[in-house]
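*Asks:* Chain residues, written in single-letter form:
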Amino acid sequence: MLLSVKDIHKTYTTADGPFAVLRGIDLRLAAGETLALTGESGSGKSTLLHLIGGLDTPDQGQIMIDGQDIAALDDNGRAALRRGTVGVVFQQFNLIPSLKVADNIAFQARLADQHDPDWVATLADRMGLTEQLNKYPEQLSGGQQQRVAIARTLAPKPRLVLADEPTGNLDEATAATVMDLMLELVAETGAGLLMVTHSEALAGRMARRLHLRAGRLA
Amino acid sequence: MTRATLQALLSHWWRNPLQLFTLLAGLALATALWSGVQAVNAEARASYDAAAAALGEGQYDRLLRRDGQPMDQATYITLRRAGWLVSPVVQGRLDGVRIIGIDPLTAPGDIGPVAIGEDADVVGFLTGAGQLFANAETARRLTGQQVIITPEAAPGTAITDIGVAQRLLGKQGQIDSLIIAPAQPRSQPPLENIAPQLLRRAAQGGSDIGRLTDSFHLNLTAFGLLSFAVGIFIVHGAIGLAFEQRRPVVRTLRALGLPLRRLIVLMGAELMLFALFAGAIGVALGYGIAALLLPDVAATLRGLYGADVSGTLQLRPAWWLSGLSIALGGTALAASGALFKLSKMPLLAAAQPRALAMAAGRNAVIQGAGAAVLLAVAGVLMFTAQGLIGGFTLLAALLIGAALALPLILDRVLAACSGLARSVTAQWFWSDTRQQLPGLSLALMALLLAMAANVGVSTMVSSFRLTFVEFLDQRLSSELYVSTEDATQSQKLTAFAAPRVDAILPIQFADTEIAGQPTEVYGARDNHTYRDNWIFLQNSAAPWDTTFGGQTILINEQLARRGGLGIGDQVQLQDQVFMIAGIYGDYGNPIGQAVISEAQFAGLYPGITAQRFGLRLDPDQVPDFVAALEAEAGIPATQTVDQARIKAISLQVFERTFTVTTALNILTLAVAGFAILMSLLTLATMRVPQLAPAWAMGMTRGQLGRLELLRAVLLAVLTAFVALPLGLALAWALLAVVNVAAFGWELPMYLFPGDYARLGIFALLAAALAALWPARRLARTPPADLLKVFSNER
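Residue numbers (my numbering), protein chains in the order written: chain V, 10 to 227; chain S, 582 to 1375.
I should point out that these hints are in silico values taken from the structure, not numbers from a laboratory.
Careful: at least some of the hints might be erroneous.
[Claimed, not checked] With the C-beta cut set under 8 Å, the calculated list includes, among others, these residues of chain V facing chain S:
(1) E42
(2) L64
(3) A88
(4) R91
(5) N103
(6) S107
(7) D112
Glycine is no exception: its CB is placed at the ideal position from the N, C-alpha and C atoms.
Using the sequences provided together with the hints, build the complete structure.
*Replies:* Printed below as a string of structure tokens:
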């Protein structure tokens, strides 16, 4: 099993007191499988994604990726996980504005010492970014920027791709195109895909879907 | 991984050259000011050390004749035969060069030419063949002499064998002083028995010149530190803002798997690299500043203290190394806070520039507490501080305390203005200004320090100038001063002048000691000139009457302070006891001075005759008198100086004294202006999301630009209001604490509202000029950029 989440709890401290975002989540995802995570705003979708991505740590529970419990990893261990094993696509793209598109796409692969120029060129080509490689992110449209972000995530060929509302900032047509490409490439790499989305249409294109409500799976 | 990360980090500067320029320029300017001042200090100190080494000034006890006249060769021989290990010195001036003659066989080891090179004719030196040792600049002035170039020799000084010096100076058989070797035989007879006419002057524990000029250098060092502090504020601001703007990128890097430690190490290394580069530029700039200032520094010290300082600058490793260290240390200091915050930054916080106003709250409380403590310490020190360390601690507590308090004071003022605002635009303006304050506070602190230093120093300089002019009027009251070559010429002058002038006032003095302090004792002729013009700091009844009557003595403030003397105390000159009847201000004089009556002086120092005279006559008759003096008495006009010329020379010397500090003041203010400019430019891009809504709701870009300009000027005005009392407190500390400790006298403090108004206008202009470009850029921001704020595409 690529991903196994068991009894995950997470509570935040707010001005009004403790707020339990996740209250015992269990889920599994196999390699090559796609899973949509839906739910209302504040239901804990993004928090769960961040915990799986090693961006945050759970208060309780176990997250196994490729047989490794990431909740037990220290900061360096989680950083290594994010570099090579897990790739995250953010809603806000989070590109490096001072690097050109070509460098942005190759960036994570270079961090992970898994830079494959041919694969990066393929990704750029498949994403329709060949003409944009010498541009800076600010010179691209939102759709193009998100394609760069997806290419960057896939460049080190991660085992698990996590996507947090990847098309939330895009119009419907662009969102559909971007999703087509992402699903296609994820399928080619054999990675598992866990996507947080509000969109019923996008969720419908995943192999499975789970719905979160008030910190629990419905 | 490292390569990719470095590429990402460095590409930020490539894409944001203005930020890089801000950072490098702030560091370079801070280093430049510091290195420049240190270079001037190092160069001057090296010159004094060479001068002191040349004569052993201050290092050894010396024997001098009590009457100040040269001693004969026989006295020296008598002492040597009695077992005293003494070495003769003769000195004088030839072609404007100070000639020092020593006996290399008997002189202590470290006195003499600093380094006799391989090409020097040592035998020639020892046998008195006429060889002189001097640096190249001095050698050029010694025409017709055989000079060995010795670069380390003191400027304006040539050293030679005593026999050669006696011949060159026309002092055959004469000795000016005897240096006493530190190790002496135990069985030597007392000095009183073999040479009662000699006076032993104790070692000073350092060069005489060095001790005096240390105060001047202390002043320069204080300004160097202040300028560096202003620079550090800029560096701190630049680094803080650069980190702030890179915060989203840092989050992305970490989210993509870059370990925190690696990131911090790389960012630290990146900054150290910049510090090294900017530090090197700063040292070069500092060298330029020093080279520009050094001729004035040299002239100042020569004029004020008689110290010869080389007019050219050498690249000394000590000060460029210290410059680089300061740049690296300053950057480390400024970056440590930013890197610490980075290490604590949560990975998942919103990836957008943090509102700088967040610095309020807990930070403001800590800052306010720090300011309160420092200002309280300053308040206590104002009444208790003594000595230079106390004085400078007071200055530091005052300045840092006020700098920390400034943002809080401005915040309160802006909050009050916001509450009073009627129109919606005014309300928005005040609240927006308040929100901007944290981003500008470091630059405003730098401006505050620069303005306060400017107020403080200009008050001190102007108070000094005013007092000094009054002092010159008092002390240079004769219309004409005449110098004579010998006693015969003095008699000729007296005979010629007596029937033609109202009064002849001989100026005669002898070197002695009073209360253990080296002192010049003057013998004054009974004349109304003194009664009419001299102003005492303290005096008993009719001080001149009792002094001219022979019972009392008048002393200067320096002697009173150093000797712990007051009115009514008794002092002894040889076997005569005098009561102190008056203490007078004697600004600019480094040593003690006393005045007794002419008759008493003649009795105590019979060998000394006056060779300078002040003549009282109708000022209009001065030119005719000078012409007649030359024609009838054979005393050329070159030996006369009229009062106006003396005053002009004295004032010129004095004005030069503060040329350097004035230049540093202007530079510091310019650096502060630069800080405002850089902060505004750096903030400009972060300001767009705050300004776009105001634009969208109907304010024009031109209006927004004008308001930005107004905001900068307004903040500068408010800062000026804080700087004025701070500067006056600084001036008081300089005049009442530091000046007394450094120079030995206290100056009255005067206020100069005109100067402060001019400074205020200059500071406002600096702020307006600094804000002009950012405001213009803002007024020309393309609407598309403003619209991006609302379109999630920024």
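*Asks:* If a hint holds in the structure, say so; if it doesn't, say that too.
*Replies:* The hints, checked one at a time:
Taking 8 Å as the C-beta cut-off, the interface hint given for E42(V) is violated, the closest approach to chain S being about 23 Å. For L64(V), the shortest C-beta to C-beta distance to chain S is roughly 6 Å, which falls under 8 Å, so the interface hint holds. Interface hint status for A88(V): upheld, as the beta-carbon distance to the closest one in chain S is roughly 4 Å, under 8 Å. Given hint, R91(V) at the interface with chain S, holds; its Cβ is 4 Å from that chain's nearest Cβ, closer than 8 Å.
Against a cut-off of 8 Å between C-beta atoms, the interface hint on N103(V) holds, since the closest Cβ of chain S lies about 4 Å away. This hint holds: S107(V) has a C-beta 4 Å from the nearest C-beta of chain S, less than the 8 Å allowed. About 7 Å separates the beta-carbon of D112(V) from the nearest beta-carbon of chain S, less than 8 Å, and the hint is met.
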